[in-house]
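> Each chain, written out:
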Amino acid sequence: MATIRKTSTTEKRGEGRAHAPAGRVRTTRHPLRTRPLAYGLTAVLGAAMLGGCAQDSGGSSASADGKTTVSVGVFGVFGYKQAGLYDEYEKLHPNIRIKENAIERNENYYPALLNHLSAGSGLSDIQAVEVDNINEVAGLHADKFVDMAKAEGVDKSHWLSWKWSQAKAPGGQVVGLGTDIGPMGICYRKDLFEKAGLPSERDEVGKLWKGDWSKYVETGERYMKAAPGDTAFTDGAAGLYNGAVSSYPVKYYDADGKLVYKKSKGVRESWDLAMRAVEGKMTGKLKQFDKEWDQAYANGAFASVVCPPWMLGYIKEKAGEKAADKWDVAPAPKPGNWGGSFLTVPKGGKHEKEALKLAQWLTAPKQQARLFEKQASFPSAKAAYDLPEVKGAKHPYFGDAPIGDIFAEAAEGIPTIPLGPKDGVVKTTISDIGILQVEQQGKSPEEGWNAAVKKIDDVVEN
Amino acid sequence: MTSSRTDPLPRTRTTGPPGATGGQAAQADGGPGRAATTEGTGGAQGHGPRVRRRHRWDARFSPYAFIAPFFLFFAAFGLFPLLYTGWASLHRVSLHDPTRMEWVGLENFSRLLEDDFFWNALRNTLTIGVLSTVPQLLMALGLAHLLNYRLRGSTFFRVAMLTPYATSVAAATLVFAMLFGRDYGMVNWGLGLIGVDHIDWENGTWTSQLAVSSIVIWRWTGYNALIYLAAMQAVPHDLYESAALDGASRWQQFLHVTVPSLRPTILFTVVVSTIGATQLFGEPLLFGGSQTGGGSHQYQTLGLYLYEQGWFTFQLGRASAIAWAMFLILIVVGLANWLIARRLNKAH
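If you read the protein sequences in the order shown, they are chains F and Y. Following the numbering used here, the numbering of the first sequence begins with 1 at its first residue and continues without gaps. Following the numbering used here, the numbering of the second sequence begins with 463 at its first residue and continues without gaps.
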């Protein structure tokens, strides 16, 4: 209060300069001291704002020590760093440094990637793309990526043919190199199977449903007749649906790229199977990757789940020590794929050549095999299946199941399914709206199906 | 002039704080008492006009300079996006190629009118808004009233009330999602103790909306209570005294003294809560972990629907139209509030 009053009165009367140097300093300097501060602040904030609009180089550059930094954009955990592959590559190529830019979830990563693609900036030298998005990327942005079909040193015969063709654009370009895949098996609880009077030994369990997904549901019906406690046979109908539909040669799109899910035999039969499972009350009514799903693992609330290799670590973590020696893996009724990714090299990056080399090295059979050993990402390179890291691989948590052989056999039997731009959306909508409405909200199968169709129409409508 | 004297005693007296050191310190930076004594000596005749001109310029434009950062930022991150969103809402824009915009006029808006998902989201936003705002403000009022009493450790209670507000939406929502879990949730466990069957909170329309509302209520009640408390403490005490003399009970005092005095504050909190409710996003998104807002979109709010259209369907034009619809709704709500406030003021 006093300061303010003083300032105003001195200003009004001129200042007491001669007799009171201290007072003068205070009264005239006060505005002088804050004014530059305010202008400075304005300038800094303004500059920060402009800086925000400035071009972002995506963090790749040749640094002062002459090393080239190649950036790798990924979502989730690809495991290259954890498996020591970056370190090894840097050792092999002393002039290269690798920097990984990771975004946790693909649903945040993919829109950002699209944004960077259309802006032509902010891209990493290598960008990972999920299988649910690869067709869309190939269809709409093929010209923005290095064509792997023509790239130097890429040998297409390394990969499973269906994996290779997933990244193929209508014009024949191939936009990415396959990393991992997700051939599905069935993870099951030996103790619960036994209590329900079913065989629990992996080969015999596999025979229960070999060749036909409806036999898996029949096994569920048998299980439910003698189910121990109030356990369910499987976690949810969506997992079963996804496993079944992935084993048909046509899923949501036909070979001409037309969306045919409404008439697709695979979708119809798999949907009916899922409905049968719900009706038979053999599902745990769980949505995958929900908190409840995790808790159900810990509580041993269901006896089986359709599982690709990348889920094994998840099950081990959630089911915990309590369930050690209780889980095992058997082959699925029919082979199908769930998930997997690609490494792409955007055109016009500063280090296109170096990036291409690194992407090839990371997806080469040997590195894929090592990644499987360390991170359980199953190789998409056929040649890797004969390497010792895969061939003899056993999983101690799952009763030493020979997961290398089980999943390799499934991988080679996976059909080449034509993909489309909205594969991922169609799949999640059928699961999270269609099946979920019937399974968890008690709606009729017709209502559930119609709700899913309505949402899918909304998404694909232009 | 006191300042020309050399003996410390009077100076000490004029500068106020007792003790020589205090006086010295005050002198060094021109303490208040001292400055008062030096006024009117009329020293700086030499550069009067220039200083005065600078001063005038300063007084006139400095305020603008001071508020400029806000407006610059507002223009860049508020106004421009608002206008650009409006422009985008008249186009078909895909996230695949956001720079290519195809003019469609009002199609995105007319589409909304017959879009069941939009009306569903609007309905949900409204019901969740009512379910969360009304109990929240009523409880805040009651809590503020209690806090207004002389309490032991009142600071503790006030701080405690504000802690939910300081919690992140994500953390709070994840905890609530677990509490409301179907199979292993604590709410169902508690209800089980009194014989109520398991409730599938997320899958029912009302139950899921109640659960989402409870997160909002939990986070914002304390905040509003503190605002009410501040307003209550400004209510003149003699009003209560005279009411008490007239034989009014505590409840009657609350009803006839406190609430009427708080009217402008209540209106303010209603406006702010309504804006918050219209934009509700984080809670429903994280509650089920998906942009669909439940299998039947039973708790998909406008904010979630916008997000779905923009970042899952990749239709930025449609998403922009939803954003503008939300903006228009807020304007209508604001106008309604303003009209009500005016009528209340007139009636008073």
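You may find that some hints are simply not true.
[Stated by the list, open to error] Quick list of in silico lysine to any residue cross-link-like pairs, SDA-like style, CA-CA up to 20 Å: (1) F:Lys318 with Y:Arg644; (2) F:Lys291 with F:Ala323; (3) F:Lys318 with Y:Gly751.
In case anyone wonders, no lab produced these hints; they're calculated from the structure. As the structure is a computational prediction, the values presented were derived from the model and not from experiment.
> When you check the alpha-carbon spacing of Lys291 of chain F and Ala323 of chain F, does it fall within 20 Å?
Status holds; Cα separation ~18 Å.
> Can the restraint linking Lys318 of chain F and Gly751 of chain Y be considered satisfied, given a maximum Cα separation of 20 Å?
18 Å, holds
> Mind checking the alpha carbons of Lys318 of chain F and Arg644 of chain Y for me, to see if they're no more than 20 Å apart?
18 Å, holds
Hint compliance for this structure: no hint is broken.
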